[in-house]
Structure formats: C-alpha cells, structure tokens
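Chains as they are written, first to last, in numbering that gives the first Met the number 0: chain F, 0 to 308; chain P, 0 to 226.
FYI, nobody ran anything at the bench for these hints, they're computed from the structure.
Mixed in with the good hints there might be a few duds.
[As the list claims (entries may be wrong)] Pairs of lysine to aspartate or glutamate residues, derived as EDC-like cross-links and limited to a Cα-Cα distance of at most 20 Å, are as follows:
1. F:K248 - F:D185
2. F:K248 - F:D307
3. P:K218 - F:D185
4. P:K218 - P:D193
5. F:K248 - F:E236
6. F:K20 - P:E143
7. P:K61 - P:E117
8. P:K208 - F:E256
9. F:K89 - F:E65
10. P:K30 - P:D193
11. F:K216 - P:E204
12. F:K20 - F:E73
13. P:K218 - F:D9
14. P:K208 - F:D123
15. P:K208 - P:D65
Quick caveat: nothing in here was measured; it's all calculated off a predicted structure.
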Amino acid sequence: MNGSVLSVRDLRVNFQTNGSKVSALNGVDLDLAQGESLALAGESGSGKSVLAFAVLRLLDDVADVEGKILFEGEDVYQMAHGRLLDIRGKGICLVPQSPGTAFDPLRKVGVQISDFIRKVEQIDAADARSRSITEMDRLGLRPVKDTYENYPHRMSGGMLERSLIACATATSSRLVIADEPTKGLDRRTKDIALSALLSTAENGALMMITHDLTSAKRCERTAIMYCGELVEIGPSESVIEDSVHPYTKGLIRSMPERGMTPIPRRVRSDPGGGCRFYSRCNEASEKCLFHPDLRMMRGREVRCWNVDA
Amino acid sequence: MLTLENVSKEFVLSSGRRFNAVKDVSLDLNKGSVLGMMGDSGCGKSTTALIACRLLNQTSGKILLDNMDVSSHRRKALSQFRRSVQIVFQDPISAFDPLHTIRWSFSEAAAASGMTAEVQSERQDELCQSMDFPLCLLDRFPSEVSGGELQRAAIVRSLFIKPDYLILDEPTSMLDLSTQAQISRGILSIVQNDSIGILWITHDEALAKAVCDRILYMKDGMLVQQS
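Given the sequences, and given the hints that come with them, work out the whole structure.
Next up, the structure:
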C-alpha cells in the first residue's frame with residue numbers, strides 16, 4: 000500500500016465580495032498517493048486554482064476555508080507558521096499560472112532558479128548552480144550558457160514557463176502542483192515539460208491543472224471540476240475516452256478534433272440547490288433538482304443521477 | 000489580397016550577433032479565407048504577424064495590399080492601411096485601457112472610423128451577438144470580466160471598423176475548451192458574413208485543422224510546408 004501524500008476532506012472555500020458570499024469550492028474530497036499523478040480539468044472559474052492555493056494555505060487572508068487538508072498525514076491548517084513555511088517549496092511546490100509575474104524582473108532567471116534550489120535543498124551555491132543548469136538543459140532551454148544569464152524580459156512566455164517548471168523538477172518536493180504548466184507551449188516543448196513534471200511523481204505526487212485534455216491523458220487519473228465540485232474522477236483513460244458525466248462529455252465535444260461544439264449557456268452564478276450543471280445539461284431530468292453525490296460507477300466516481308452502473 | 004513578398008527580418012542582439020528571425024517569407028492572404036500558421040516557439044510566426052500589419056518594419060521584402068506596395072507607408076497612409084488590417088494578441092488585457100469601460104473602448108474604435116452613434120450601436124449589437132459577448136458586460140472594466148470574455152471583447156473591438164484582414168496571434172491559447180470552441184465558431188461566422196481574410200497563428204494542430212482552409216508551417220524563420 001502506497002502512503003498518502005495529500006488528502007483533502009470536505010474542502011469548502013468562500014470568498015466575501017461586496018457583502019455577498021461567493022462559494023468557490025463546495026465540498027471537495029481528493030486523495031493523492033505516493034507515485035500518483037492527477038490532472039485537474041474544468042472550465043475557467045470552476046475552482047481549480049483555488050484548490051491549489053487552499054492546499055498551500057495561501058487563502059488565509061482572503062477567504063473562509065473549511066474542511067481538512069492533510070499533507071503526509073499532517074493537517075496543513077493546524078500546523079505552526081514555521082512548519083508551514085518549511086512545507087511550502089520543500090514539501091509542496093507550486094508552479095503558478097503566470098510565469099511573467101513569478102520571476103523578479105531585475106534578476107537573472109538562472110540565478111533565481113539556483114537560489115530556489117539552494118534554499119529548498121540546503122546545498123551550496125555551486126551545487127545549486129550546476130543542478131539548475133542540468134535542469135534547464137533537460138527542459139530544452141538551450142544554449143543553457145545564454146539562457147542562464149538571461150533576464151525575464153528577454154525570454155518568451157514558453158521559456159519562462161519552462162524555467163518555472165525547472166524550479167519544481169530540480170528539487171525533491173514531495174508534491175508538485177502545476178497550474179496550467181503547458182499553456183502556450185508548442186508541441187515539442189510541451190512534451191518535454193510534461194515528461195519532466197511526470198518524473199517528479201516518482202518520488203512524490205503530481206497534481207496538474209490543465210485545460211488540455213490531451214496532456215491530461217498522460218496523468219494516471221483525471222478529475223473534472225465544475226462550479227467548485229468534482230463531477231467525475233477516475234483513471235484518465237476512462238474519464239477522457241469513455242466519459243459518462245454530461246459535463247465531461249460536453250468538454251470533450253468542445254475539442255476541435257471532436258466537433259468543436261461549445262457547452263450551451265453560461266455558468267449560473269447561483270446554481271440553486273440541485274445539480275449545479277442542471278441549467279446547461281442536455282440530459283437533465285426531474286431527479287436533477289436534487290443535489291447528486293459522487294457515486295462509484297463504471298470504474299470511476301461520478302456526480303450524476305442519470306448515469307447507470 | 001494581403002501579400003508578403005520575400006520578407007526578411009534581422010535583429011541585432013545585445014551581443015552584437017545578428018539573428019534572422021524571418022527569412023524570405025512570401026504568402027498571400029485572401030479575403031473570406033482562414034490561413035493557419037504553425038511552428039515551434041521562436042520560429043518567427045509572431046514576427047511575421049507583426050510585419051504583416053506593419054507594427055514592425057521588415058529588413059527586406061515588400062508588403063502589398065491589393066497589389067499596392069505599402070511597405071514604406073508612413074503616418075496618414077499607414078493609419079489608412081491599419082484600418083484594413085487588424086491584429087489580436089494572445090493576452091487581451093493589453094488591448095484595453097484599464098481605466099475605461101469596455102463600451103468606452105468600443106466607441107473609441109468606432110470614433111476612429113467616423114461612425115455615427117446609430118451605426119455604432121447596430122455594429123456593436125451585431126458583433127457582440129456573433130462573438131457571444133453579453134451586452135450586460137459592456138459597462139464593466141477590463142479587470143471585471145474573465146479572460147475569455149475579454150478576449151471576445153478584443154475580437155469585437157478589432158472588427159468594429161470593418162477591417163478586411165484580421166491577424167490572430169494565438170487568440171484562444173489562454174482559454175478553456177468550451178470557450179475556445181465558442182470563440183472559434185464566432186470568428187468563422189464573421190469570416191463568412193463579412194468576408195474577412197484571417198491569418199490564424201496557433202500551436203494547436205487539431206484547432207488549425209478545424210478552422211483553417213490552408214495551413215503554413217514555419218521553421219527557423221522559413222516557410223517549410225503547406226497543407
């Protein structure tokens with residue numbers, strides 16, 4: 000039995016805006032075991048990034064977070080501040096979404112990667128430098144001699160994205176959370192970046208947020224999120240190639256190679272008490288006025304009344 | 000027809016080294032058709048796009064609009080040219096003034112073309128409908144709408160003055176699948192209605208195959224293949 004790296008229990012996140020409450024996550028349960036890779040997909044605004052931030056306890060000042068998050072058995076929301084800072088980076092490494100703002104514009108990219116490695120791994124500067132050079136080379140940032148000395152503004156979005164990934168893959172973080180790491184990359188560099196990220200799952204676990212279902216397929220499991228709830232989660236092959244939830248099927252039909260048909264209507268700001276996908280679903284029935292729970296069906300968990308075993 | 004004739008672009012790097020970003024590229028963009036452009040990052044796609052709408056001067060070669068050489072147009076003549084060739088970038092936030100509402104940005108574009116208020120509101124309704132941009136968002140600021148909504152607004156704005164050609168530099172790479180499908184379909188319907196010529200840069204081969212009539216592949220600054 001593999002040890003648990005991350006365990007999320009009934010996670011609820013609410014933001015207070017102008018007097019009204021916006022619920023971003025609505026009871027998320029998720030487990031990541033040692034050696035596992037999970038892709039998290041869903042439309043913009045479904046709560047994927049909020050989940051990533053909540054795991055690192057980055058929402059303390061801006062949102063109400065309820066529920067439990069265990070990292071290797073330790074409750075992230077109960078630990079002392081010092082321990083939390085220790086876990087960020089060393090235990091859980093976040094690859095944020097906008098690489099343009101993640102780097103200090105006034106310092107060389109290579110030096111920033113080295114600094115990160117040095118701090119996390121507690122090794123000396125020369126070792127950190129050689130490790131970052133190896134990693135930048137592996138991610139195709141060639142010629143490394145030049146890219147190491149580059150300032151962020153001299154790099155393209157794709158190069159910065161890979162530089163960020165290098166921070167995560169050069170260190171031995173137990174959990175890597177990557178927020179849309181392949182956005183804007185071309186086919187060749189996307190493949191390099193994905194392979195590097197997946198290799199981090201060998202000594203820990205990987206959670207990859209993505210819009211790209213083709214990349215998601217390379218992770219062992221895929222979770223589909225809608226309006227702050229997981230609606231379908233299971234082996235990537237079944238979830239993507241043989242989807243059963245109407246929302247997942249809608250996402251698949253949106254792919255250019257599968258008809259490019261968008262999901263009708265917009266996400267409702269107030270989804271009501273029933274199934275949150277009800278107003279956009281083409282398979283909805285009377286039962287859907289009640290809120291469905293996740294049930295194990297056809298080899299994956301699904302939140303839908305109309306799926307039969 | 001918008002034509003690039005043997006266009007090359009050379010940059011001088013800070014080290015003094017010369018770098019040829021675009022080498023001898025020739026292409027024709029016809030009205031009412033979608034021309035795709037693919038290739039790895041750094042192969043010169045965006046540079047070619049910037050040259051095609053004259054935001055960047057080429058080192059050699061010509062740009063022709065309906066067989067008229069516009070390569071050396073300046074000031075008035077250049078702004079006349081820009082009226083027929085518009086560009087939309089990957090990140091829509093840079094296309095909007097953060098201090099003004101989206102409606103204001105639209106009317107600025109309309110004013111530039113001397114539209115009457117009546118024509119403007121008609122055009123606005125028509126475009127917002129084909130791009131599925133909700134009219135209730137018009138009075139919001141760019142920071143108050145989502146990336147997908149703002150990208151739709153950016154495309155609406157670029158089409159406001161009825162350009163003949165539109166260059167799209169990875170317009171959907173930041174968006175989720177459903178939004179990408181919606182925007183792509185909106186663009187295709189406008190191509191048909193207004194008979195606009197589109198140059199569509201993308202990394203997504205499946206998307207290129209779904210939307211383009213013809214696809215050009217670039218490598219190391221050169222056009223290498225066509226399909």
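Starting from the hint list further up, note which numbers the structure goes against and sort them upward. Those not satisfied are hints 1, 4, 7, 9, 12, 13, 14 and 15.
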